[in-house]
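Protein chains in written order, with our numbering: chain A, 132 to 642; chain B, 132 to 642.
Derived from the structure by calculation, the hints contain no laboratory data. A few of these clues could be false.
Below, a list of computed lysine-lysine pairs in the DSS-like style, where the Cα atoms sit at most 25 Å apart [as the list claims (entries may be wrong)]:
#1 A/Lys595 - B/Lys595
#2 B/Lys595 - A/Lys442
#3 B/Lys442 - A/Lys595
There are 2 protein chains.
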Amino acid sequence: MGSERMGGHRRHEGAPRVSARAVNYRQLRHPFPPQQMFSDDAVASLHQTALRVLEDLGIRFLLPEARRLFAEAGALVDEDTQMVRIGCEIVAAALASAPRSIRLGAPDPAHAQVYEEGAMLFMGGAGCPNVTDLVRGRRPGRLADYEELIKLQSSFDVIHKMGAGVEAQDVPVPLRHLATTGAQLTYGRKVMSTGSRGRRAVQDSFDMIRLGLNLDEAAFAAQSWTVTVINTNSPRQVDQNMAEGIIDFARAGQMSIITPFCLAGAMAPVTLAGALALQHAEALAGIALAQIAAPGAPVSYGGFSSNVDMKSGAPAFGTPEHVKMQIGSGQLARYIGLPWRSAAGASSNVADMQATTETMMGLWGALMANATLTIHAAGWQEGGLSFGYEKFINDLEALQMLAELCQRPEADEAALAFDALAEVAPGGHFFGAAHTMSRYDRAFYAPLLADLSNIGSWTEAGAKTSTERATGVWQRTLADYRQPLHGQEAAERVAAFVARRTAEGGASPID
Amino acid sequence: MGSERMGGHRRHEGAPRVSARAVNYRQLRHPFPPQQMFSDDAVASLHQTALRVLEDLGIRFLLPEARRLFAEAGALVDEDTQMVRIGCEIVAAALASAPRSIRLGAPDPAHAQVYEEGAMLFMGGAGCPNVTDLVRGRRPGRLADYEELIKLQSSFDVIHKMGAGVEAQDVPVPLRHLATTGAQLTYGRKVMSTGSRGRRAVQDSFDMIRLGLNLDEAAFAAQSWTVTVINTNSPRQVDQNMAEGIIDFARAGQMSIITPFCLAGAMAPVTLAGALALQHAEALAGIALAQIAAPGAPVSYGGFSSNVDMKSGAPAFGTPEHVKMQIGSGQLARYIGLPWRSAAGASSNVADMQATTETMMGLWGALMANATLTIHAAGWQEGGLSFGYEKFINDLEALQMLAELCQRPEADEAALAFDALAEVAPGGHFFGAAHTMSRYDRAFYAPLLADLSNIGSWTEAGAKTSTERATGVWQRTLADYRQPLHGQEAAERVAAFVARRTAEGGASPID
Chain A
132 MGSERMGGHR RHEGAPRVSA RAVNYRQLRH PFPPQQMFSD DAVASLHQTA
182 LRVLEDLGIR FLLPEARRLF AEAGALVDED TQMVRIGCEI VAAALASAPR
232 SIRLGAPDPA HAQVYEEGAM LFMGGAGCPN VTDLVRGRRP GRLADYEELI
282 KLQSSFDVIH KMGAGVEAQD VPVPLRHLAT TGAQLTYGRK VMSTGSRGRR
332 AVQDSFDMIR LGLNLDEAAF AAQSWTVTVI NTNSPRQVDQ NMAEGIIDFA
382 RAGQMSIITP FCLAGAMAPV TLAGALALQH AEALAGIALA QIAAPGAPVS
432 YGGFSSNVDM KSGAPAFGTP EHVKMQIGSG QLARYIGLPW RSAAGASSNV
482 ADMQATTETM MGLWGALMAN ATLTIHAAGW QEGGLSFGYE KFINDLEALQ
532 MLAELCQRPE ADEAALAFDA LAEVAPGGHF FGAAHTMSRY DRAFYAPLLA
582 DLSNIGSWTE AGAKTSTERA TGVWQRTLAD YRQPLHGQEA AERVAAFVAR
632 RTAEGGASPI D
Chain B
132 MGSERMGGHR RHEGAPRVSA RAVNYRQLRH PFPPQQMFSD DAVASLHQTA
182 LRVLEDLGIR FLLPEARRLF AEAGALVDED TQMVRIGCEI VAAALASAPR
232 SIRLGAPDPA HAQVYEEGAM LFMGGAGCPN VTDLVRGRRP GRLADYEELI
282 KLQSSFDVIH KMGAGVEAQD VPVPLRHLAT TGAQLTYGRK VMSTGSRGRR
332 AVQDSFDMIR LGLNLDEAAF AAQSWTVTVI NTNSPRQVDQ NMAEGIIDFA
382 RAGQMSIITP FCLAGAMAPV TLAGALALQH AEALAGIALA QIAAPGAPVS
432 YGGFSSNVDM KSGAPAFGTP EHVKMQIGSG QLARYIGLPW RSAAGASSNV
482 ADMQATTETM MGLWGALMAN ATLTIHAAGW QEGGLSFGYE KFINDLEALQ
532 MLAELCQRPE ADEAALAFDA LAEVAPGGHF FGAAHTMSRY DRAFYAPLLA
582 DLSNIGSWTE AGAKTSTERA TGVWQRTLAD YRQPLHGQEA AERVAAFVAR
632 RTAEGGASPI D
């Protein structure tokens, strides 16, 4: 056993120090087939239970227009209780018209995506009220932080979609969407995000994207340039802004992701099957509303179900239950034939081993579940209350390693290396073999952050943990960031609009 | 998006604080089917390349007896070069006689295992020259550390096999096997480990196990009570101790695991296919020797292939290449029909996020590869140069969470929870629902180490990382450790033997 370690090994003299390897993390396909956690019969039962919830119990929609649309489609609406009972034929029609493959446009066309079964997209942590890093500490999010996170997300190809990493709390709510949409257009490259925080704000965001990306009405409607995440108010309730978002995104041809946030034992039943049945019912209700509002509109199934800690009642992420429900969610999404989103993320309050364990469980769960999009895949800690810069960098390393798995190893004659095996004597080494020298600088993944030096060199360099080293990585990344030309142009194109809408007072979430 | 976080959530009053959940991590079956990284054709090519290596190039066996056994079996032996060229018919005969299922006995019968396809066993880090913890720092391993690690391994059911966590460097080499075998018998419960460090030392260990566990010759031979890991000296060489170990374990009916340690770009070709072809050739050679020495002897395929860092030439673990070769190794093991071992572990010099990322990659890789046994699954850091107590505890959490995935969620009527969904009003919560209250205390995995409290409570408690908190967990575990009765009895039974062999000077590795 003694030889199963090489940590003290010294660098081979003459080994190349720079990777000549070309990598492409921009468009990824899942490396593993989808796995199962429930039997086929159980998946059918989950779906049937969800249909029964929709038909017999119903969902409360707080938005009158949503109730009217459902009523026109044949649902049973009780205006007193605001409850909408949705028959299985409405669900079936929605699933028949919802698209299986959705084109997602991006400010930089090189980062456009096709959102469909088999695609593997990652998005950073989103929606955090706070940010934290080792230099500036933990603090409420500001626009400057939001902009930094857009720049960081733009700098790594393994992040496929921009997210609102942090709330820009220093910008008044009526103006915040102008600032954040502007930041995405000005500094970003990937598929955009828009929060559903009132109809006027959503309309402003759409207008800015059209202006900033120089799209006419047809070009804007032809694909989804921005994406909104719709969280139902589990159990069985959809608030006004969320329903407005579903309707307005559908009619504009932009994608909404219907994501019940079901914590088993809190907003959802304590059993995983019960929580998934609720998730599925709520997601189907949202998908139905989108399809009623605009048949064929791009809409995604979503699942972000985890559990609460049984000692404290606090939410827990990256747990075995989280992973089981991810896999179950994937089975449900495939049962109805739609692409879908999942979520990773950590409960830990700090960028530590617990945080990585939790996030790695969620990331691998998303792989097992073949999630089309995994949100909160990097930087999300403290149960979403903070976006951690150092955690973001550590998580990127994990994402890049997972992305590497998408590329299968070569196995041709040259790769099988019989000649190299013949060349090197028993007990020798392959460092200087021709086979090695011709491939060495592109053979392996080149780490972003991992320190592979021995403990002596590592100690001399300050004995820094990967969390501490990550500070330098994000600082250098921000220092090296260069604004894309399309960003400068977009900023100029939206300037007058933003000035006018700011002068008008912006948009309130309820208007 | 804003509601996708609950970190600030307060504990629900009255939520149970103690888990009533029964878990069984003792005998696990893989939760996912084995995955592929190479096509079926490529696997066949890998096998054929390995056969060609064995037949055309050969393996150097430094032990004369090994060469003689191979020659008697029909291999072409060159005594000048010590090279043994092994024909495919010898390999075929070995694979025909090697058992597919192996019974592993343990000092505590409750921890006996069946080593076969589909079983999922974990072992802690092994063979580290140093230990490190936050209280006592990094230091050369001593017998006291070895004994502590046996106690820790005994305390968690998710560790299925004892390993020599650390070298007991304070015990003279000729006496070390007496001390470590004694420690396993005295303090341990799980399947034992014996290093192949000379024939007399191995014989001593067998004698101690027979004495300590009160086994007659037949009972000892009837199953494998201890396991040795045989590392070839890649490329294409097997040293004297290793060949002796293969022969002696085979003849005693004890299991050896033939594990080439192939680092692509160093002791193996730089291509993953080339490294696997070498691994496979060497493993087949060792398996053949075991079967020639004793047809039907318990022997396991082994794979511990990773890559070197291309910047430094240092070994790297938990890389994408490591995972790809794990999955490829699983394919090769299944191709020849044998159970097999893999390895996780970390390159990081410290118990940090890098370490967890690396170990989690290797653990999930082992799941994807359906490894029968995953060695170095907890505590192995610094590329195996140190066993980390805090890393051990953090890794145990990961192992327990993976073990939880083996149990599929319930999906019967009660679990689907329609009645609970009907009971709770829209926008309400399930904390007090009858469905919740009757299941709450056994619904979810109860963390070993994870802190789910909000940042305020966590800060008040000292803002400790999981690495820092892990210190308390291993300290409490050691304080709570109780020696099993069979350990006391075993210690008494071997005392005279150990005294005699110590007086005789023990056993040197070469004798």
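Status of each hint after checking the structure:
The straight-line distance between the Cα atoms of A/Lys595 and B/Lys595 is roughly 17 Å, inside the 25 Å bound, and the hint therefore holds. For the suggested pair B/Lys595 and A/Lys442, the alpha carbons sit about 19 Å apart, so the restraint of at most 25 Å is met. The straight-line distance between the Cα atoms of B/Lys442 and A/Lys595 is roughly 19 Å, inside the 25 Å bound, and the hint therefore holds.
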